[in-house]
Amino acid sequence: MSNLAVIQQLIAAAAEVPVESLDPTRPLEELNVDSLTVLEVMFDIEDRFNIKMPEERVPIKTLQDIVDLVDRLVAQRSDGPK
Amino acid sequence: MIPRRVVVTGMGVISPVGNDCGTFFANLLDGRSGIRKLSAKFASHLTADVGGQVDYDPTARFPRPKLALLDRFSQFALEAAAQAIRDAGIELEESLKACTGVFVGTGLGGASTMEAGYEEIFLGGKDRLPPPTVPRTMNNAAAGHISIEYGLRGPSFTYSTACSSSAIAIGEACRAIRHGYIESAIAGGAESLLTLGTIRAWEALRALAVTDTEDPAASCRPFSKDRTGLVLAEGAGMLVLETLDQALRRGARIHAEVIGYGAASDASHLTRPGEEGQVRAMRLALADASASPDEIDYINAHGTGTPAGDVIETAAIRKAFGHHAGHIPVSSTKSMHGHLMGAAGAVEFIASIMAIGRGAVPPTANLRVPDPECDLDYVSNLGRSGIAVRTVMSNSFAFGGSNAVLIGRSFVR
Chain A
7 MSNLAVIQQL
17 IAAAAEVPVE
27 SLDPTRPLEE
37 LNVDSLTVLE
47 VMFDIEDRFN
57 IKMPEERVPI
67 KTLQDIVDLV
77 DRLVAQRSDG
87 PK
Chain B
28 MIPRRVVVTG
38 MGVISPVGND
48 CGTFFANLLD
58 GRSGIRKLSA
68 KFASHLTADV
78 GGQVDYDPTA
88 RFPRPKLALL
98 DRFSQFALEA
108 AAQAIRDAGI
118 ELEESLKACT
128 GVFVGTGLGG
138 ASTMEAGYEE
148 IFLGGKDRLP
158 PPTVPRTMNN
168 AAAGHISIEY
178 GLRGPSFTYS
188 TACSSSAIAI
198 GEACRAIRHG
208 YIESAIAGGA
218 ESLLTLGTIR
228 AWEALRALAV
238 TDTEDPAASC
248 RPFSKDRTGL
258 VLAEGAGMLV
268 LETLDQALRR
278 GARIHAEVIG
288 YGAASDASHL
298 TRPGEEGQVR
308 AMRLALADAS
318 ASPDEIDYIN
328 AHGTGTPAGD
338 VIETAAIRKA
348 FGHHAGHIPV
358 SSTKSMHGHL
368 MGAAGAVEFI
378 ASIMAIGRGA
388 VPPTANLRVP
398 DPECDLDYVS
408 NLGRSGIAVR
418 TVMSNSFAFG
428 GSNAVLIGRS
438 FVR
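Chains A and B, in that order, are what the protein sequence lines are. The first sequence: position 45 = 51 (our numbering), numbered continuously. The second sequence: position 146 = 173 (our numbering), numbered continuously.
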């Protein structure tokens, strides 16, 4: 399953919205996903992908922004020292 | 401006003796106690292992994303508010929403969320908490949720004065309406603090009742010589309050008019009740109501069941009512629903108002042994029906010395 699909599933479960409604290009507020839910899902994502969100604020506007961040952090995790 | 008259047009209750007003009052009138052994797993560690628990399934009422933001106390508040608004049959159109306030009393706010958080950090070694922890635990969460749920854009207040919190919330809401700051309000209280830490803290105060092992439901015995203390409980009570004019204009059913509110501090001791402060609060409420002591047909006492508290309240009632004291039925419904702390004032005022509507007063349950120091008519053990109840007084006397008294009267067109 692609990282996008995993993240869509996590958000769909937390926000109780259908997975199909989570268009990765649209702003998150437009998808009926509350900001507190997004915060919560970020922690689930950390656990799921075994990554740590950076201290500095990364601008997240769309689902695709989250996927891009996760892709980057997963790649760093693989390249970095164990 | 001329002070406006304030009426109660809607009521809602979530309690250990029922999750709707009808069931609540019927159980009280029948002397049926909802106090029982605590069902939580941690209860086996406790000395004080009885409480007034609410029986209800949150998942049936709230979808998961919403539940994630709601501590149990806020869930109760929303449930009670929903009942009250349905009961009032009020049409919350935009101009009214702009001048409807929310007044909530609570002692500990999101206690169970707070405690779960401590467990995760200190016992679970976690280095972060669920993001909604702050908005769930904050004392004003319930008021915030009610305001959001119904689009109420008037001022929102949360009063935290321990056992008198929701009596004060209701009193202050009435004042705000009376003096034209708002047109209507949702007012009451909510509490859910039956957590291990909270109960341990209360055990340490040595104020909790000794569990009656033969009959746990009878553990709370206000005014009885064999009383041993209070029983903690959870729940919520909410009222819809509006101006008399507005209620009449929309043809609302009026449960009662709130005619008096008195509040005064003991200024003496942090936990021990003071007689003078209680007397003053009752006198202030009577003065506010322009009512004389002999007009009161029923007093819902604070009556927690502590050895000292019940004697002091009895003396205070005698002082405030003079020779009328012996003729007024006085009962403590805490004997059956327990001490709802921040929600007590609201839930007990609702019981008092329902006494008006039903022409019946609930008893003080478990009053088996008369105490010579507590010598009023406590309506022992059996509710009394078929009596004229026109004006009622509800007492809430709290730690910190905060005393609040509300007076309600039947409204006849």
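Just so you know, these hints were derived from the structure itself, not from any lab. Every residue gets a Cβ at the ideal spot worked out from N, C-alpha and C, and that includes glycine. Please note that a few of the clues may not be correct.
Unchecked claim - If we take Cβ atoms under 8 Å as the criterion, some of the chain B residues that face chain A in the derived model are:
id, residue
1, 70
2, 88
3, 90
4, 91
5, 95
6, 151
7, 427
Now the hints, each set against the structure:
Hint on residue 70(B) is violated. Least Cβ distance to chain A is approximately 30 Å, over the 8 Å limit. Because the beta carbon of residue 88(B) sits about 14 Å from the nearest beta carbon in chain A, more than 8 Å, this interface hint is broken. For residue 90(B), the interface hint holds, the least distance from its beta-carbon to any beta-carbon of chain A being 6 Å, beneath 8 Å. Proximity of residue 91(B) to chain A holds as hinted, the smallest CB-CB distance being about 5 Å (cut-off 8 Å).
Checking residue 95(B) against chain A by beta carbon gives a least distance of about 7 Å; that is within 8 Å, so the hint holds. Violation of the interface hint for residue 151(B) is found here, the shortest Cβ-Cβ separation to chain A being roughly 14 Å, above the 8 Å cut-off. A hinted interface residue such as residue 427(B) counts as satisfied when its beta carbon comes closer than 8 Å to some beta carbon of chain A; here the least separation is about 33 Å, so the hint is violated.
Violation of the numbered hints given earlier is confined to hints 1, 2, 6, 7; the remaining hints are satisfied by the structure.
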